[in-house]
Amino acid sequence: DAMVIQNPRYQVTQFGKPVTLSCSQTLNHNVMYWYQQKSSQAPKLLFHYYDKDFNNEADTPDNFQSRRPNTSFCFLDIRSPGLGDAAMYLCATSREGPESSYEQYFGPGTRLTVT
Amino acid sequence: AQTVTQSQPEMSVQEAETVTLSCTYDTSESDYYLFWYKQPPSRQMILVIRQEAYKQQNATENRFSVNFQKAAKSFSLKISDSQLGDAAMYFCAFNTDKLIFGTGTRLQVFP
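Chains as they are written, first to last, in this note's numbering: chain W, 1 to 115; chain H, 1001 to 1111.
Treat the hints as calculated values from the structure; they're not laboratory data. Values in this document were obtained by computation on a predicted structure and should not be read as measured data. Please note that a few of the clues may not be correct.
Unchecked claim - Pair by pair, the computed Cβ-Cβ distance ranges are:
hint, chain 1, residue 1, chain 2, residue 2, range
1, H, Ala1001, W, Val12, 16 to 26 Å
2, W, Pro69, H, Ala1016, 20 to 30 Å
3, W, Ser101, H, Asp1081, 21 to 31 Å
4, W, Glu57, H, Ala1071, 25 to 35 Å
5, W, Glu96, H, Gly1085, 25 to 35 Å
6, W, Asn56, H, Pro1040, 39 to 49 Å
7, H, Gln1057, W, Ala86, 36 to 46 Å
8, H, Ala1071, W, Phe15, 30 to 40 Å
9, W, Gly97, H, Glu1029, 17 to 27 Å
Backbone N, C-alpha and C fix where the C-beta goes; we use that ideal spot for every residue, glycine too.
Work out the full structure, taking the sequences as your base and the hints as a guide.
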């Protein structure tokens, strides 16, 4: 089945130690998103790639970066995680263009713990 | 600014009964999409139902239907014949160039 896959599902990192979260998709969608979701809150968009074009949200901290080496994969890098970065990180994809419904397909998320 | 408001932080319903979750939004756009997403505890966010703003007919997906009032900027979700598996956080969302979520409504379903 076509899907959005996130690895790992659970990640524990130490304060200040760089960490990378990965997302892959078999949907061949041209847009990939990274969201941060804290407990009982709505997902907050960090950035997205429209094909190879990177779009950063204005309030996304510089500590967060992303890479999209090809259509299928996208990575979220947190350079120096702080305690406040502990959250669920959701990857999503969509197909945008003519006749797009703008529906986003979400992965299962990676729960990041910072110790 | 584009905003989505869900005024019910929590709702509860008895199994087999019907429940309606409210959502209002604000936009100056005329062409957009509205969604209801379901996020069960510790599980994946999935799309429940989608509505195109240019369509007057309310969307329906099995037990899930919406009441879309474009002039009032209202987009409520009705769940009929509620099941235990419907218990989840429900997010209303609005999309023009990016997805804007409401704060969510936690739905509890009692046997």
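Practice problem: Given the range 30 to 40 Å, decide if the beta-carbon distance of Ala1071 (chain H) to Phe15 (chain W) lies inside it. | Solution: violated (51 Å)
Quiz item: So does Gly97 (chain W) sit 17 to 27 Å from Glu1029 (chain H), Cβ to Cβ?
Solution: Since Gly97 (chain W) and Glu1029 (chain H) have Cβ atoms about 18 Å apart, the given range 17 to 27 Å holds.
Quiz item: Is it true that the C-beta distance of Glu96 (chain W) to Gly1085 (chain H) lies inside 25 to 35 Å, as the hint says?
Solution: holds (31 Å)
Quiz item: Is the distance from the Cβ of Asn56 (chain W) to the Cβ of Pro1040 (chain H) consistent with 39 to 49 Å?
Solution: violated (30 Å)
Practice problem: Evaluate the given range 36 to 46 Å for the C-beta pair formed by Gln1057 (chain H) and Ala86 (chain W). | Solution: Between Gln1057 (chain H) and Ala86 (chain W), where Cβ atoms are some 44 Å apart, the hint holds.
Quiz item: Okay, Ser101 (chain W) versus Asp1081 (chain H) on CB: inside 21 to 31 Å?
Solution: For Ser101 (chain W) and Asp1081 (chain H) the Cβ distance comes to about 27 Å; the hint holds.
Quiz item: For the pair Pro69 (chain W) and Ala1016 (chain H), does the Cβ-Cβ distance stay inside 20 to 30 Å?
Solution: The hint (20 to 30 Å, Cβ to Cβ) is violated, given that Pro69 (chain W) and Ala1016 (chain H) are roughly 50 Å apart.
Quiz prompt | Whether the CB-CB distance between Ala1001 (chain H) and Val12 (chain W) falls inside 16 to 26 Å | solution = Since Ala1001 (chain H) and Val12 (chain W) have Cβ atoms about 37 Å apart, the given range 16 to 26 Å is violated.
Quiz item: Honestly, do Glu57 (chain W) and Ala1071 (chain H) meet the 25 to 35 Å range at C-beta?
Solution: Check passed, 31 Å falls within 25 to 35 Å.
In summary, the structure is inconsistent with hints 1, 2, 6, 8 from the numbered list given earlier, while agreeing with the others.
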